[in-house]
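Undergrad: Here the protein sequences line up with chains A and B, keeping their order.
Using the working numbering, you'd call the opening residue of the first sequence number 253 and step up by one each time.
Using the working numbering, you'd call the opening residue of the second sequence number 944 and step up by one each time.
Just so you know, these hints were derived from the structure itself, not from any lab.
Taking lysine to any residue and the SDA-like style, the derived pairs with C-alpha atoms no more than 20 Å apart in a straight line are:
(1) Lys1103/B with Ala464/A
(2) Lys1138/B with Leu1090/B
(3) Lys1235/B with Leu1207/B
(4) Lys1058/B with Arg282/A
(5) Lys463/A with Gly1052/B
(6) Lys466/A with Glu1050/B
So the derived list for chain B, only partly shown, Cβ under 7 Å to chain A, looks like this:
(7) Leu1019
(8) Ile1021
(9) Ile1022
(10) His1038
(11) Asp1039
(12) Gly1041
(13) Tyr1046
(14) Pro1048
(15) Gly1052
(16) Phe1065
(17) Ala1068
(18) Leu1069
(19) Gly1071
Some but not every residue of chain B turned toward chain A, in silico, with C-beta under 8 Å:
(20) Ile1040
(21) Arg1042
(22) Glu1050
(23) Arg1051
(24) Leu1053
(25) Tyr1054
(26) Pro1055
(27) Ala1056
(28) Met1066
(29) Arg1070
Cβ atoms here follow ideal geometry from the backbone N, Cα and C, with glycine treated the same way.
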Amino acid sequence: MSEFLRPRLSAMEAAWVIARRDFVAVLFSRAFLFFLLGPLFPVIVGGLAGSIGGEVQRDAVSVEVGLAMSPADNAAMTAAAGRLTDQLGPALPLLRPVPEAEGDSAFDAREFMEARRGNYAAIVTGTLAAPKLVGTEGQIARWQGPVGLVAGHAMEAEPTAFPGVATEAVATSAASERSTRVQTAQIAQMLLFLLTMLLAGMVLSNLVEEKANKIIEILAAAIPMDAVFMGKLFAMLAVSFVGIAVWGLAAFGLWSLGGDAITQVTGFDPARLPAPAVGWPLFVALGIIYFAMAYLLLGALFLTIGSMATSVREVQTLSMPVTMLQLMVFFLAAYTIKQPGSALEMAAIAFPLSSPFAMLARAAMEPELWTHALAIAWQAGAVLLLVKGGSLLFRKRVMKSGGAGREKVKKGLRANA
Amino acid sequence: MDMAVSDQMRAGNQGEGFSAIPSDARPLAIEARGLVKSFDGTRAVDGVDISVPEGAIYGILGPNGAGKTTTLRMLLGIIDPDEGVRRVFGHDRPHDIGRLIGYLPEERGLYPAMKCIEAIAFMGALRGLPLKEGRARAVELLERHGLTHAADRQIRQLSKGMAQTVQLLGTLVHKPRLVVLDEPFSGLDAINQGKLEQMIRALADDGVTVIFSTHVIHHAERLCEGVAIIAGGKVPYAGSVEAARDRIPAQVRLETRAREGGWLSFLPPETRRNGDFFHFPLPESGIEPLLKGLIEGEAGILSLSIERAGLHDAFVAIAGEAAARQLQADNEGDRA
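Based on the provided sequences and hints, a complete structural model is requested.
TA: See the structure below:
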């Protein structure tokens, strides 16, 4: 025996051995490739259709920036944009004079935007030498440069300098901000649900391979069963992150190619999505953590259910009630978005399986952070409990005896009946 | 083995509820007392006691469904007993010393897409052997068993016999101190059974304790120092093979020229006649008074041999005719 080796692996080391094997095996399997490509087909088809539609209706793309300058400046700006479009294409907004501003010296672009009149991403006021962009922070960031570029070209054919573009961010009231954050919460919940639904299902059939190939007993003899469960869960979580990364990159690529067209077709513009209460960076971080928790919680449950199955067919039979369970959990969490502080929201937060969904929505709506620390600790504890319970059940129900012994038990049962 | 583990092993052998170390004073690799396990109200194992000294080859002998696999699983900590205690190298929780144990289950299994070398290294990694070290040892083991050409082949590309060998090598790659084999001869042809016997002997020569279950008496008889005979979940006998054989008297086989005569009265009442031969247990008074009677009675002795009872006879005497018949049927099933 090698003297450098300890008598046993720690639970973490044991889980790592399982996770490493499973991760590599799943990642380099053909099934995973098809799994990755599956959701991309509708997205690609939708993207292509949107892109074609966008080309056809380029003029109608809703990324319009209103012009509320003098009639002469409006005309100069429109003409300059027309000249530049050939070279810059979609990098420029469509400039449209705001009819309500014509002849109205008291036109207030800010008030106009806040009243959500028209369909403008932003409005340019001022003069060619001193243009001013009024809009949400996201739209200002997007169009400040192009507006300065167009204004420069509107002043002279080959400008050597471009005017600075003053900005005025459109503020919303606290009440309206809260109401618009519901949209962010709903979208985040929906995304979380779709990802867990797509990915956690993989765990259902995870132990079937080991059982079908009779490897499970080797694993169970060498390391504790909860380490096997934990390793499998984390391997599948890592695989999920790979999947999300691939899908994310694909989505980013599609958006880069035809974001305007997608916005046109779907009416969804992420730049207009209200910022969550905890801010975008923290919201994204919490989103990743809650995805991991939702995945681990559902995964531990699915692993336990799936481990009781003896064949892929049985796993398929189990899929339907499991999907129903996922839907119920999602509906519970979704229902509570508009009932902050209610007993139902507390119940959704306390119930481990709906907790990540409810808490992600809360991150969009409420700025407090301590509740997230508490919820994450609770969810992690629930993962451990589920894994422990699942492994105990597995040992009790599945690792009974050899083939002949099982027959004997059946005979015994028949005799007792 | 490090000192701490060795000390714990010895300490464990003298713990509460366990018998003393056997007469040869070797520490025990495995000690189990009163193991009971029920499944769905049926007792699969019913009060099993086993003591296996370090370095021994030990067989658990019984027909299919007798409780062999369940016993082994309890000894290894795969399942916990409902009652009773088990200790492996003095530890109540076998997983705590997983590094010291190698286990080949009855239902063989490997990941079909894995290469042989990776499969062996993975099984080592489960027991704490670093992957790099495991791969290096896998190369050595494959070479030693004439399977170098299969090192980079996927398991699914191997014959059944080769796959079984690869799994056995995976069981041994981390150099365990205790090797537990559940029906290791099952499914092997005669040549591979012979190779496996050699491998088991070689392990024992290196001081490794080997415990295996079987329903083939010959393997146990040829290999084992000790056996536990298990039938119906109970262990009516656990001890040395020699002591098992000594439980029934030697058998006398006599051939005579005369068919009748007064000499017949010298034969014990249990005598069975089979053609020209008489079979009976060696009388407690020894062979001399019998010989004298046969000669004086002019039986005309053509041949007389005293045969020591085999393990099969011991099994029949200990476990009963029914268990022996089932064992025979299992063997025939294997051959079929």
